[in-house]
Structures are given as structure tokens and as C-alpha cells.
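A.B. asks: Taken in order, these protein sequences are the chains called S and R. Take the numbering used here: the last position of the first sequence gets the number 265, and nothing is skipped along the way. Take the numbering used here: the last position of the second sequence gets the number 265, and nothing is skipped along the way.
No lab work stands behind these hints, which were simulated from the structure alone. Be aware that a few hints might be false.
Computed cross-link-like contacts, DSSO-like style, restricted to lysine-lysine with a CA-CA straight-line distance of at most 30 Å [said to hold, decoys possible]: (1) LYS212/R - LYS107/S; (2) LYS241/R - LYS140/S; (3) LYS201/S - LYS179/R; (4) LYS179/S - LYS201/R; (5) LYS202/R - LYS164/S; (6) LYS183/S - LYS212/R; (7) LYS201/R - LYS164/S; (8) LYS102/S - LYS202/R; (9) LYS108/S - LYS85/S; (10) LYS140/R - LYS223/S; (11) LYS140/S - LYS223/S.
Now the stretches of chain S that chain R is said to cover, found in silico as 3 or more residues with beta-carbon under 8 Å [to be verified]: (12) 98 to 107; (13) 157 to 165; (14) 192 to 198; (15) 214 to 223.
No experiment lies behind these values; they were computed from the predicted model shown. Ideal placement from N, C-alpha and C gives every residue a C-beta, glycine not left out.
2 protein chains.
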Amino acid sequence: MEDAILAELFKEADFSVEELRTIGSLLKRVNLKKGDVLLSEGDTVLYTHFVYSGCLRTYFLDDAGKEHTLQFAIRDWWISDYTAFFTGDKALTNIECIQHATIYKLSRKHMEQLYLDIPAFETFFRKKLERRFMALQKRILGNLAQPAKDRYLSFVENYPDIQQSVKNYHIASFLGITTESLSRIRKELAR
Amino acid sequence: MEDAILAELFKEADFSVEELRTIGSLLKRVNLKKGDVLLSEGDTVLYTHFVYSGCLRTYFLDDAGKEHTLQFAIRDWWISDYTAFFTGDKALTNIECIQHATIYKLSRKHMEQLYLDIPAFETFFRKKLERRFMALQKRILGNLAQPAKDRYLSFVENYPDIQQSVKNYHIASFLGITTESLSRIRKELAR
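The following block holds chain S by itself, in its conformation from the complex:
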């Protein structure tokens, strides 16, 4: 992994030069084009991925064939089917590239090794998990307590540059509303 990218990725962490080199040697670059599938339902999930550029989407396909968007990942996010990645179960979700992306993958095996060898590496991911935990709680509260318009405004605030890359039905399926409701909300806000 390139030194500049590595330094940016771990800017909040407190690693020695040698530790940073060890970690960087285990992160493998992958280039994806729009439409590429990173993970499919039923896959064994051995990797988590750091998004350096582009945009990916995790979605769940229900029995009726409807897509539900669990997550978008843009620059600086990590993405995987985390339940499968953490537990070893098969993936329940799908991850596709929705805008040409450069990502770096890290295997669970290497991650476990780094947790043991470099305490600051575990601190880095414990803090990441805290932030993701807060974001998910905020989303659940939003789903319970906020009208769709406010949830849409939160989405735009959280992902300011994403609207160019994603289709309307991606956003609608993230917010749990129909594309018609999304259009109505946008028209209302444009007035």
C-alpha cells in the first residue's frame, strides 16, 4: 500500500513507522468498475475493505426480490458483510460497486494477528466501532422518531457528495420509502 494513502487511512492512530509498514503490507489494492460485485449473498466473507475512492453499496434482497440498502461506503469508510465477517457465517447481503472505486482489502486472519501484535491497531478499530455504533443508533432513532423528510435531510448531510453516484431507488431503499415519496420530498424541499 502506498505510504501517503496509508498515512491518511491511519491518521487518527498512534503507530510507529515499523507498525505502519507491517499493516500496509497486509492491505491489498483492488480496483472496481461500476457494476462489479464485491460480495454476494451466500459467500464466505474473508475480507473487510477500506474505500479509498469511489462508492459501494451493501443491500439485502428480500423474498419478493426487493432491494433494501443497508449501507453506502464512500472515501474513508470500511465496508464488508460484517455479520459474516465477524462470525464466519455466510453473507446475507450483497455489495456492489456503484461508482468506479479503489479499495484496499484486509483479511480477518491478518486483522486478528494485528490485534494481537499491535495494541494500537485494536484501539483504532474499537474507536471505529464506537463511531459506527453511534451512527447506527442514530439511524434507528431517526427511523422511529423522524418523518421521511428529516431522514432524507440527515442522509444528504451524512453523504454530501453521494447524490451523483446513486440511483433514486438506492436512496429510497436506504430510507425505507418508495421512490415516489422520495420525489415528493425533493419537490417539497425545492419549493
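With the hints as your guide, set chain R onto chain S.
C.D. replies: Only chain R this time, still in chain S's reference frame:
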């Protein structure tokens, strides 16, 4: 903290006897009666709490005065306003005791110290966060993809013994449905 409770709490962790003693000395017992308020919106949140017995509930009060239940915590769960606890911001939620409880509180300051002194302590909470992260993702997917009846069944599965302690509007406000819908679902399932 009592040795037997301490051993149970950290049964999955790999601590030495001395480490376990250090951790136990920092966990302070608190007894709560039904109706006691552990945390209120606007509070500074200095503690997280391990529930040894009883039941607590985190809820958010919206502008219209409606309660939205974010979390229930029964034996073996940890509870706090985590966003406030992690960031130092003021609490946005309220936590009340809904069934006589014995809990053990641990301060953020002590937690940070334990993260530094005992790497296995950070591993323990990193794994806890992974599990909570998975549970929250599952709940979000459920809210997006499942009808209310299935979400209710998941709730009953996740909290098998909770129905005695909680009011119908607690459960309804956790599932994001009205108490009337909850009654309808129960009647349907009883048939």
C-alpha cells in the same frame, strides 16, 4: 464487586486473577427500583452500566412528547447513552428502570485507563461492540425489509423473558408501531 458476578461478567475474557481484581474494584454496585431514572436528556454521561438483574429501557422523547424506545437491557447487557458516553456530548436519551435492577457502573475515565493497562480488556469490549454492531444492523434490516409481525417475532426471540416487565407501549415504541397494531399482531399469532 463480588467475585462470582465478576467471573460471570467476564467469562469470555482472558484476564489474570490480578487483572480481574483491578477491574472488579472499579465497578460500583447500584440498586434501582422500578421507575428510577438512571439518566435524563441533557445529562453529562460519565458511566456505562452492566445489568446484573432487572430491566432498563433507553428512550428518546420527540418534540411532540412521544417516546421512542431505542434499547431494553436485561441481565448481561451493558447500557448507557453511548453517544454521550463516547463523545462527551450531553445525553439525548433517557434511561429508566422498568423492573427492580442491580447494576454495576464503570466510569469512562476508568475504562480508558483499563484499555491502556489491560489489552485483553480492550479486546473484550471490541468484541462486545462487534456484536452490538451486528444486532443494530439486523434491526435496521428488519425495519426496512420485514413486516411488523416478523419484527415482533424477532423481538420475542431476542428478549424471551421481557414481556412480563414491559408495557405494551414500550414494545410498540421499540418496533415503531402503534399499540393497536401490536394488539392486532398478538391476536393474529394467538389464533
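A.B. asks: Taking the hints in turn, state whether each one holds.
C.D. replies: Here's how the hints hold up against the structure:
Between LYS212/R and LYS107/S the alpha-carbon distance is near 29 Å, which keeps this suggested pair within the 30 Å criterion. Of the supplied pair hints, the one linking LYS241/R and LYS140/S is violated, its CA atoms being roughly 34 Å apart against a limit of 30 Å. Note on LYS201/S and LYS179/R: the hinted pairing holds, with a Cα-Cα distance of about 21 Å set against a maximum of 30 Å. In summary, the hint linking LYS179/S to LYS201/R is supported, as the alpha carbons are separated by about 21 Å, within the 30 Å threshold.
For the given pair, LYS202/R sits about 21 Å from LYS164/S by alpha-carbon distance, which is consistent with the 30 Å threshold. The straight-line distance between the Cα atoms of LYS183/S and LYS212/R is roughly 24 Å, inside the 30 Å bound, and the hint therefore holds. Using a Cα cut-off of 30 Å, the hinted pair LYS201/R and LYS164/S holds, with the two alpha carbons roughly 19 Å apart. Proposed proximity of LYS102/S and LYS202/R is supported: the alpha carbons are some 28 Å apart, at most 30 Å.
Proposed proximity of LYS108/S and LYS85/S is supported: the alpha carbons are some 28 Å apart, at most 30 Å. Between LYS140/R and LYS223/S the CA atoms are separated by roughly 18 Å; this keeps the pair inside 30 Å, and the hint holds. Only pairs whose Cα atoms come within 30 Å are accepted, and LYS140/S paired with LYS223/S is accepted, the gap being roughly 22 Å. Under the rule that three or more residues need a Cβ within less than 8 Å of chain R, the assignment of the region 98 to 107 of chain S is violated, with 0 such residues.
Three residues within the 8 Å Cβ limit are the bar, and the region 157 to 165 of chain S against chain R gives 3, so the coverage statement holds. By the rule of at least three residues with a Cβ nearer than 8 Å to a Cβ of chain R, the coverage given for the region 192 to 198 of chain S holds, with 3 such residues. Counting residues of the region 214 to 223 of chain S whose beta carbon lies closer than 8 Å to any beta carbon of chain R gives 5, which reaches the threshold of three, so the coverage claim holds.
In summary, the numbered hints that this structure violates are 2, 12.
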